[in-house]
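With the hints as a guide, bring both chains together as one complex.
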Amino acid sequence: DAGVTQSPTHLIKTRGQHVTLRCSPISGHKSVSWYQQVLGQGPQFIFQYYEKEERGRGNFPDRFSARQFPNYSSELNVNALLLGDSALYLCASSSARQETQYFGPGTRLLVL
Amino acid sequence: AQSVTQPDIHITVSEGASLELRCNYSYGATPYLFWYVQSPGQGLQLLLKYFSGDTLVQGIKGFEAEFKRSQSSFNLRKPSVHWSDAAEYFCAVGAIGGYQKVTFGTGTKLQVIP
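Respectively, the protein sequence lines represent chains U and P. Number 29 in this note's numbering belongs to position 29 of the first sequence; there are no gaps in the numbering. Number 64 in this note's numbering belongs to position 64 of the second sequence; there are no gaps in the numbering.
Just chain P, same shape as in the assembly (with noise of 0.2 Å):
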């Protein structure tokens, strides 16, 4: 069964600094790779996905996440992180090939402190 860990609930900040959020993955073949953010009461946007080639995956608002195959992880980086980044981050495994479910991880929250 394919299961995503978020080891880090909450993350604090200090603006402009970097930012990286970890992510490890369990599944048996090449997944599918996500990560969402969620702002307060809102649903899930898409910041960046993996699903094969680069490992170095370049997403929208600065963020990018590279694919560790060895280590089963895909943790999402950020080099300066804007007050507005403040949210909960939502790592997410899928499979390749059929129509099966998306398995997201428990999040990990982010506090952005002046």
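Same shape as in the complex, but just chain U (with noise of 0.2 Å):
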């Protein structure tokens, strides 16, 4: 079975632009969550999305938005892009019935 796919692998913007990133999670897993990791640090939690609601939200500003669709794939909206928001952001998909977090390879974003 395939894991969990995002696209695109790398993005480069400039400060002030949008920024869409899209997740696939593993086949049966409904519930998708995305992480911010930059450099240096571990991963912090941003969205989680269950049957294409809003389950949990971390600590950042409401220029993050996400939503996820009829096929549980999912989108991460970044909107006015700061140089802080440079970092590699992670998709992990999950089943109902446990919590385990399987991991897609992210996408590496560069904010200049």
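Quick caveat, the hints were computed from the structure, so don't treat them as lab data. Incorrect hints may have been included.
To be verified - In silico contact screen, one side only, chain P against chain U (beta carbon under 10 Å); selected entries:
hint: 1; residue: V4
hint: 2; residue: F34
hint: 3; residue: Q38
hint: 4; residue: L44
hint: 5; residue: Q45
hint: 6; residue: L46
hint: 7; residue: F51
hint: 8; residue: K101
hint: 9; residue: V102
hint: 10; residue: T103
hint: 11; residue: F104
hint: 12; residue: G105
hint: 13; residue: G107
What the hints assert, rightly or not - Okay, derived cross-link-like pairs now, DSBU-like style, lysine-lysine, Cα gap no bigger than 35 Å in a straight line:
hint: 14; chain 1: U; residue 1: K30; chain 2: P; residue 2: K68
hint: 15; chain 1: P; residue 1: K109; chain 2: P; residue 2: K61
hint: 16; chain 1: U; residue 1: K30; chain 2: P; residue 2: K61
As the list claims (entries may be wrong) - Far from chain U, by Cβ distances over 10 Å, these chain P residues were calculated:
hint: 17; residue: P7
hint: 18; residue: E15
hint: 19; residue: E64
In this text, a Cβ means the ideal position worked out from N, Cα and C, and glycines have one as well.
Right, here's the structure in full:
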């Protein structure tokens, strides 16, 4: 079975722009979570979606938003990009019955 | 609020030597505990997890971890390290029974020398 997939793998944007990152969960998984990993730190929780509803939100500004589609794929949107948004953005999926999250390879975003 | 502390930022061990990576957590009830490994430029791979039951958990690649409630610890061990184990290791804690966030530690970078 395919694992969690994310696109694009790398992205370069300039300050003030908008970015959309995409994630496809493992087949059968209904929950998707997003994490931001700044260089040299552990991942920080941004959002969790389950059955297309937001179930949890981390301490991130409103510039960050997400949604989950009927096929359980997900998008993370970031508006008005700042230099500090440069990071590896990780998507993780889990099934409804277990809490283990399986991570994708990430999207590396560089904001110039 | 849940939190994880990994006190060792960087550890160097010789190939074939034993390894122990420390992890202390803070959580109000019985937590889910995880160890993940991340190679440079890659995503996170799950090594092992503890939900309940036997406090000694076996994982992939020969790793094991022991849950000690009295010490709020979940240390990762491997009896004999291979050069391919060089990576960054993250301990994480999550809530049981809900759709909650997983909180990660800051990671321990493992260097393996010949």
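Tell me if the interface restraint on V102(P) is satisfied: Cβ within less than 10 Å of some Cβ in chain U. V102(P) check passes; min Cβ-Cβ to chain U is 6 Å, inside 10 Å.
Can you confirm whether the C-alpha distance between K30(U) and K61(P) stays at or below 35 Å? 28 Å, holds
For the hint on L44(P), just tell me whether its beta-carbon gets within less than 10 Å of chain U. 4 Å, holds
Minimum Cβ distance from G107(P) to chain U below 10 Å? Hint holds; G107(P) Cβ to chain U Cβ min 5 Å, cut 10 Å.
Holds or violated: K30(U) and K68(P), Cα atoms, limit 35 Å. 32 Å, holds
Less than 10 Å between beta-carbons is the criterion; does F51(P) satisfy it with respect to chain U? 7 Å, holds
Any CB of chain U closer than 10 Å to the CB of K101(P)? 4 Å, holds
Against chain U, run the beta carbon of F104(P) and see if the smallest gap drops under 10 Å. 4 Å, holds
Tell me if the straight-line CA distance from K109(P) to K61(P) falls inside 35 Å. 17 Å, holds
Hint check: 10 Å Cβ-Cβ cutoff, T103(P) to chain U: 7 Å, holds
Would you assess whether E15(P), listed as outside the interface, keeps its beta-carbon beyond 10 Å of every beta-carbon in chain U? 25 Å, holds
Can you verify the interface hint for Q38(P): is its Cβ closer than 10 Å to any Cβ in chain U? 9 Å, holds
Hint violations for this structure: none, all hints satisfied.
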